[in-house]
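Participant: Each chain, letter by letter, is given below.
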Amino acid sequence: MTKPKVAFYWCASCGGCEEAVVDLAEDVLAVVDVVEIAFWPVALDFKVSDVEALADGELAASFINGAIRTSEQREMAELLRRKSAVVVAFGACAWLGGIPGLANLSSRESILELVYRGSPSTPDGDGVRPREETDVPEGRLRLPHFEETVHTLDQVVDVDYYLPGCPPPVELIRSAVTALVEGQLPEKGSVLAPDVALCAECPRVKTKPADLRVTEFRRPHEMIAEPETCLLAQGLVCLGPATRSGCGAPCIAANMPCTGCMGPTSRVVDYGAKALSAIASLVAAEEEDAVGEVLRRLVDPVGTFYRYSLPASLLHRRVERETAASRGGAEG
Amino acid sequence: MSEPRFEPRIVAFFCTWCTYTAADLAGISRMQYAPNVRAIRLMCSGRVDPQFVLAAFRDGADGVLIGGCHPGDCHYQQGNYNALRRFELLRLMLSDFGIEEGRLRLEWISAAEGDKVQRVCNEMTEQVRALGPLRLVRGPRRRPRGTSGQAEAERGPGAVEEAELAPVLEMGGREAR
Amino acid sequence: MLEPESTRPPAPISSNGGPKIGVYVCHCGLNIAGKVDVKAVVEFAASLPHVTVARDYKFMCSDPGQELIQQDLRDGLVNRVVVASCSPLMHETTFRRATAAGGESPSHFQMASIREHVSWVTADGDEATEKAKALVAGAVRRVALHEVLEPRQSPVRPDVMVVGGGIAGIHAALTLADAGKHVYLVERETTIGGHMAKFDKTFPTLDCAACILTPKMSAVRAHPNITLWTFSDVVSVEGFAGDFRVRVRHRPRYVREDLCTGCLACIDACVHKHGKFDDEWNEGLSKRKPIYIPFPQATPPVVVVDRDACIWFKTGKCPRTCVDACERDAFDFEQTETYDEVEVGAIVLATGYRTFEASKMPEYGYGLYPNVYTSLEVERLLNAAGPTNGEIVLRDGSRPRTVGIIHCVGSRDAKHNPWCSKVCCMYSLKLAHMVKERTGAEVYNFYIDMRTPGKGYEEFYDRILKEGVHMVRGRVAGVTDEAASPEEEGHLVIRAEDTLIGSVRRIPVDMVILAVGIEPQPDAQEVRRLFNISCGSEGFFTERHPKLAPVSTFTDGIFLAGACQGPKDIPDSVAQAGAAAAEALAMIDRGHVTLEASTAFIDEAACSGCKTCVGLCPFGAITFDDERRKASVNEVVCKGCGICVGACPSGAAQQHLFTDAQILSEIEGVLEYV
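These protein sequence lines map, in sequence, to chains W, L and V. Take 1 as the starting number for the first sequence in the numbering used here and just add one per residue. Take 333 as the starting number for the second sequence in the numbering used here and just add one per residue. Take 510 as the starting number for the third sequence in the numbering used here and just add one per residue.
There could be a bad hint or two in this list.
Here are the simulated lysine-lysine pairs, DSS-like style, with alpha carbons at most 25 Å apart [to be verified]:
1. K5/W x K188/W
2. K1056/V x K448/L
3. K548/V x K567/V
4. K725/V x K710/V
5. K206/W x K1139/V
6. K782/V x K823/V
Calculated directly from the structure, the hints in this document are not laboratory data. It should be emphasised that the depicted structure is a prediction, and the values quoted were computed from it without experimental measurement.
Next up, chain W with everything else stripped away, as it sits in the complex (with noise of 0.2 Å):
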């Protein structure tokens, strides 16, 4: 009987999902020995053009880490889709746009702008810029189009699974590739994790006072964190409580606060404004300059509450005034 084919592929990514396929250490074994990997750039030398040789829907799965940012990406998002009966969103960039969402926050020509002649390492020139169409004697050379918007993976393709977080833990992965192997997978459209914050699995949660109040927020630098103290309760900004468990917490035991990579539960439908709510909520300040003063300590609130999910949000991007690009219609 034939092995099921699965691939692997990172659109806008770091390359830790990769990492953590690896992570599965000697239990990459077992998952070799059960599925045929036909796609891996990373790993194994298949090409693009074996992928379109094979039938729609010739792959079981696969699975795509990274956020949507060319147009290269796209069209293998799509590709992949097609040629998949299930696709996985890998890791917290496909889901819900990731780290690299947060260039949802600057314009395609700031962002440009920036690489090619601002920053202060792009020696003085003449701000050359790559051209998406060039000819050379050899042909025509194409470079994919750098989109305006950081897209997730489901803003793209359909997507039949999710597999939360940045990376994906090493336990989660094993269930899901178990999972698909034996047939056993959830309802579409399902989120692969425990549907339940991180507090329910935190080994600090008993030292949290139910009547919690913060008079100031505190960030990682400025303190040495009590190792066995809930961390919100010494005025970090732990998002556990907005975020999903089932990595086990591994921040928290490095005596730092969770950053939300695992996501929001079903129930919510933005997980930086939820998250944004139960942190301000338990501001003890109840006077407008107070509660103002307490909270302008925290620095940066899209990238604190918005730092994986920015292109899954409500919001989706910074708003830009309307511009020719933006009214073009669809993006992408």
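Starting from the known structure of chain W, fit chains L and V onto it as the hints suggest.
Facilitator: Chains L and V only, in chain W's frame:
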């Protein structure tokens, strides 16, 4: 040919005991004011979830107004303080999103202040009109759950399409539009 | 613990299948139809998803109007109802009832206010119609997601507790007991009577305080329906309206209350020949022995041993002549604190006030000059059972020949208490009269305004004026013993601007009486937390509404009476006590409380135990199970504000009738179509 005047659409969240009652009072007193504010009634301003504010902007509102009881007078004692705290943080964050100050407003309006409802609605309408339409560049629709062909077959005839009813119910899951 | 019972609406509930929404647009005569194009709104409504019926009618709230709805429900044409008419605050209940009468759950109903919020406030008819459409669309989208909710009720226990045995508490207790209710009257001191028992005469009638109070105190003791617990306080309160479980602590007197007859032989027999310890009842103006009774008519007439003063407790070496003197063998030095737990349906708080501490105003010399007294001290001097048997004398025993009474001490003062204490002008006039009567002294009252609003009060003021009391209108700057002229030698000098003649006066007096104001009790914050009510910024207990609900609180089942709610005189305290008793009676006799419909609830499986919600609830309705690490909402205590729901970071908490999905769909609705 002159452009038709931009009519802002403002969604308001009014608490039952104070602001909504004040709006009723404005009505009983026949105070005329701009029709641009569409009020949604909640029991308390402390119920206002920042998700509501953002959803309103996403759904096309040019401005959002939150109305609650004056500090110290909340019918539920603490609700308005929570509204204030969430509003203050939301305000700080919205500026990072490029949403101008003036599009989100929090007002304390007691049940006796029908005239304040009139004044605030008029003021805010003009303020948002001057700012112009928000026109968010919206994220494209996410596909509803299970459209890999399966769900259509599974649903029998006449079954209620839940996706039609419910708006976005989870982030990254199904979205019903 | 009593279980809440469900009451079923009259007709069977049906809501099978998906939503079939009926939209009913009211003309309200011309109130709506005169501005809004009602037909256009109906047409628009018919185009909305899941709307199966769209009608308009002249007066939806009328019987035929309601019949329209009920008929469609009975015919199975609709199973969700939207009425676009006046404010829900006006007719939501009406239409909910109509929906229920048609056989559908009353919660499958939503109102759009197109009168108060549209036709009455919008000048242009087209704009009004567009706004009406938007609000209708919001309601239609929302109602599709409403759930079935049955109204619930909870039974009320028949007994009542009154906390505080001053005149307010006494009157409330007697009223309730006379109505046949069993009352627990809990008083912290060893006797009931409160501040009133310390006075000599009361204004404006100059009734003897003891004469009008002691019959009521005896009635309390004798009443078969009253359990009187003195020297007792409340240590914990659990439960909610109709079902409170109160734990009361009884402190040991070391004398058995059931045996002591109040003969006082033990006090005479005490090894202490004279009093040695500050007598608190006499405001420290006299000394008492370790064994004492506050005043002769104390109720119950039982002595008490002060453990900290008694030689037996301090050293173990005392012949205990008191025990020998007791014919009833009532002593029990082994007594310890005991506790009682009772279940009551309602609680009346009548915990009273304390007076402003005059030493906080050193400029008036209290504590500095021996002959500066507070009004309460002077009441004790005037009282025949007091330290001087009713004589007004200076510390050296001589009679004062001039007396100055300073109004507003601690009151109307930005540095101390900003409020007016309401009673001080009247009692200062009373003291002026009585001091003058007893001593023949020249009396000066220094006031800012003369506040005499009650029945007979202005006439009393008039009388005092005619008696030749001198009135100086001006706030007293200070009291000093430094003489600036020979006449002032040996006197205390009161310096004040007499604003009526426009100059500063120095008036030498022998005695200064400070009209100290009324403040909340020092433990008001602890008490209010115990009972889950709130205090205002001044520290008095907060009433539900300053005008229309002065004796109830935001915590159902807890009522207020007397000065604990704010400064007031005896007539108002008694009136308020009667009102509180009446409201408590209404609740007890009704027999049940209807629970809030829009309560919050927590999905147990979804709750992560993050505890964000627990401390946010102003009513303590959320409990946290430390074992299972789950929060849960007590839906009997929950008032339905939704604070916890807005804050819950993982969406585990929701609110009936105001779920996230319902509100988000309403937002979408008001913006999607128009």
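Participant: Each hint needs a verdict: does it hold in this structure or not?
Facilitator: We went through each hint and held it up to the structure:
As the CA atoms of K5/W and K188/W are separated by approximately 20 Å, the hinted pair is consistent with the 25 Å bound. Note on K1056/V and K448/L: the hinted pairing holds, with a Cα-Cα distance of about 22 Å set against a maximum of 25 Å. Taken as a hint, the K548/V and K567/V pair is honoured in the structure, with Cα atoms around 12 Å apart against an allowance of 25 Å. This hinted pair checks out: K725/V and K710/V have alpha carbons roughly 16 Å apart, not beyond 25 Å.
Note on K206/W and K1139/V: the hinted pairing holds, with a Cα-Cα distance of about 12 Å set against a maximum of 25 Å. A distance of roughly 18 Å separates the Cα atoms of K782/V and K823/V; the hinted pair therefore holds under the 25 Å criterion.
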